[in-house]
Amino acid sequence: MKEPTFLKAMVQKAQARRVLEIGTFDGTSALAMAEMLPDDGTVITCEINPGLANLARKRFSRSPHGRKIEVLVGPALETLRNLTGPFDLIFIDADTENYVRYYQRALELLPPTGMLLLDNMRGITLGPVDRSRDPAVGAIGQLSQLIADDTRVIASFKAVRDGVLVITMAPDDP
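For the sequence shown, our numbering gives the first residue as 1, with consecutive numbering after it.
Please note: incorrect hints may appear among the correct ones.
What the hints assert, rightly or not - Computed cross-link-like contacts, BS3-like style, restricted to lysine-lysine with a CA-CA straight-line distance of at most 30 Å:
| # | residue 1 | residue 2 |
| --- | --- | --- |
| 1 | Lys-2 | Lys-158 |
| 2 | Lys-58 | Lys-2 |
| 3 | Lys-13 | Lys-158 |
Unchecked claim - Label-pair ranges, simulated between beta-carbon atoms:
| # | residue 1 | residue 2 | range |
| --- | --- | --- | --- |
| 4 | Pro-112 | Gly-163 | 19 to 29 Å |
| 5 | Ala-155 | Pro-135 | 17 to 27 Å |
| 6 | Gln-142 | Arg-62 | 32 to 42 Å |
| 7 | Arg-62 | Pro-112 | 15 to 25 Å |
| 8 | Lys-58 | Arg-152 | 38 to 48 Å |
| 9 | Pro-135 | Ala-159 | 23 to 33 Å |
| 10 | Pro-112 | Ala-148 | 14 to 24 Å |
| 11 | Leu-83 | Pro-50 | 12 to 22 Å |
| 12 | Asp-40 | Ala-9 | 17 to 27 Å |
| 13 | Pro-50 | Pro-171 | 36 to 46 Å |
| 14 | Asp-149 | Arg-122 | 14 to 24 Å |
| 15 | Ala-148 | Pro-50 | 28 to 38 Å |
| 16 | Ser-63 | Asp-172 | 38 to 48 Å |
Simulated from the structure, these hints should not be mistaken for lab results.
Ideal placement from N, C-alpha and C gives every residue a C-beta, glycine not left out.
Produce the entire structure from the sequences given, and follow the hints as far as they go.
Spelled out as structure tokens, the structure:
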């Protein structure tokens, strides 16, 4: 399964109306998610690179669903501080070194019925790497342990491309 197809299915499953994406890249994912939203749905996507943000905006302008997408340019950690939830679905596909902080803020922005998707969770690299010295691989390991220890959430790994972790909130104790 390709990632846009997977994301579309997750938007449907979450019955999302409001989506947050951290890491726009070329806009493929944001547009795929926007296509599945109702007419009044919105995707807010965060991108640090102004060139990539402009590329994505051009892509959005060619689609009838592009009007549902707002691109915020700047460091995501700063942008996230200024956002208010809830977001029905949050998709993180950005700098893995900050995944722990993105995860923590995302949980604050999700409603109890929300869904969080974390991309690149296999921690695959292109060659041999000293796992203790590679910040990206180390961050994925740290986040994986944090999630495993977090009793507030339920996590499920999906083998889509480099691995997506699907997180939902655990039900409250009866």
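These are the hints, each one checked on the structure:
no. : hint                          : result
1   : Lys-2 / Lys-158               : holds (12 Å)
2   : Lys-58 / Lys-2                : holds (22 Å)
3   : Lys-13 / Lys-158              : holds (15 Å)
4   : Pro-112 / Gly-163: 19 to 29 Å : holds (25 Å)
5   : Ala-155 / Pro-135: 17 to 27 Å : holds (22 Å)
6   : Gln-142 / Arg-62: 32 to 42 Å  : holds (39 Å)
7   : Arg-62 / Pro-112: 15 to 25 Å  : violated (37 Å)
8   : Lys-58 / Arg-152: 38 to 48 Å  : holds (39 Å)
9   : Pro-135 / Ala-159: 23 to 33 Å : holds (24 Å)
10  : Pro-112 / Ala-148: 14 to 24 Å : holds (21 Å)
11  : Leu-83 / Pro-50: 12 to 22 Å   : holds (19 Å)
12  : Asp-40 / Ala-9: 17 to 27 Å    : holds (21 Å)
13  : Pro-50 / Pro-171: 36 to 46 Å  : holds (42 Å)
14  : Asp-149 / Arg-122: 14 to 24 Å : holds (20 Å)
15  : Ala-148 / Pro-50: 28 to 38 Å  : holds (37 Å)
16  : Ser-63 / Asp-172: 38 to 48 Å  : holds (40 Å)
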